[in-house]
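From first to last, the protein sequence lines are chains V and D.
Quick note: the first sequence uses my numbering, first residue 47, plus one each step.
Quick note: the second sequence uses my numbering, first residue 47, plus one each step.
Calculated directly from the structure, the hints in this document are not laboratory data.
As the structure is a computational prediction, the values presented were derived from the model and not from experiment.
Be a bit skeptical, because a hint or two may be false.
Which copy is meant is left open, because identical chains are indistinguishable; a pair holds if it fits in one copy or across any two.
Said to hold, decoys possible - Heads up, simulated DSBU-like pairs for lysine-lysine below, C-alpha to C-alpha not over 35 Å straight-line:
1) K200 / K90
2) K200 / K179
3) K176 / K99
4) K99 / K179
5) K200 / K99
Protein chains: 2
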Amino acid sequence: MKATHVPALILLGTAGTIVAAQSGTPPTSPVPYPEGYRTWTHVKSTVIGPTHKSFATVGGFQHIYANAPAMAGYRSRAFPEGAIIAFEWLEMRDNQGAFAEGPRRQLDVMIKDSTRFASTGGWGFQRFAKDSKTELAATPTSRQCFACHDQRRKDGLVLSTYRP
Amino acid sequence: MKATHVPALILLGTAGTIVAAQSGTPPTSPVPYPEGYRTWTHVKSTVIGPTHKSFATVGGFQHIYANAPAMAGYRSRAFPEGAIIAFEWLEMRDNQGAFAEGPRRQLDVMIKDSTRFASTGGWGFQRFAKDSKTELAATPTSRQCFACHDQRRKDGLVLSTYRP
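Full structure from sequences and hints, please.
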């Protein structure tokens, strides 16, 4: 059913990534870097501590930020077009049990655009490398992101909740 | 020198707390609860983990939020009138090394008003109890807060820095 909503503007790549084609839009990533996300609303945080089995690869802070449309979505669980959620991964420094923020590991972004991302539930997904605006094309793919997020349809495909 | 700047409106209590008197202002705390602080800019976070010696009393997340005037101050280190910084203490839940946010322990607030708080470097300090808007009049007193913050005069008496 979703396939019928994919417009001619969008081509679905073989790896499940979505690419723009034949339009006025430059052929860049369909999910732009979320400029200014650090000033958006802080939704919540989690920390992967030193005793966690995956500390070596994902240890540290996870901060979630939402732009204004996304904040409306957190309240209604119906995320409007233009909603953007930034999931920031930071390393941490352990000072005798007090943890401080370290450099950024990566930044995950999801953006709501039902037309462009019709094949992945209306959301586009992208990971940016370390403290840069360089896209990470490796895993997870947009399809892999979607597979997990799609299990939370009742929540608008967003896993987190806002802590008022 | 500071004492000469204390206006007649303000009386300095015996315990170092500041109380309003004889004005149109209701006789409530001079530092109001920072309504909406959760939507202000998230400055940074720290975590006191389970292995920290003070975990039992202060373990968990510490999130710092700043209103727009305070954000200008973080950039210039000259905090303008009306700057408010909210320091939020949350308990935490440890799920095999993954830490989730728990209920609020307390909320510390500092607000810049050079006239009203001339005796404490232009900043008023207040702690609110748990997840309430009830002031905690116990320790630390406004004077005790000031004694520590005053050691950072070059930074505008603010201990934290903004993580861009």
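Please list, smallest to largest, the hint numbers that this structure does not respect.
As far as the earlier hints go, not one is violated by this structure.
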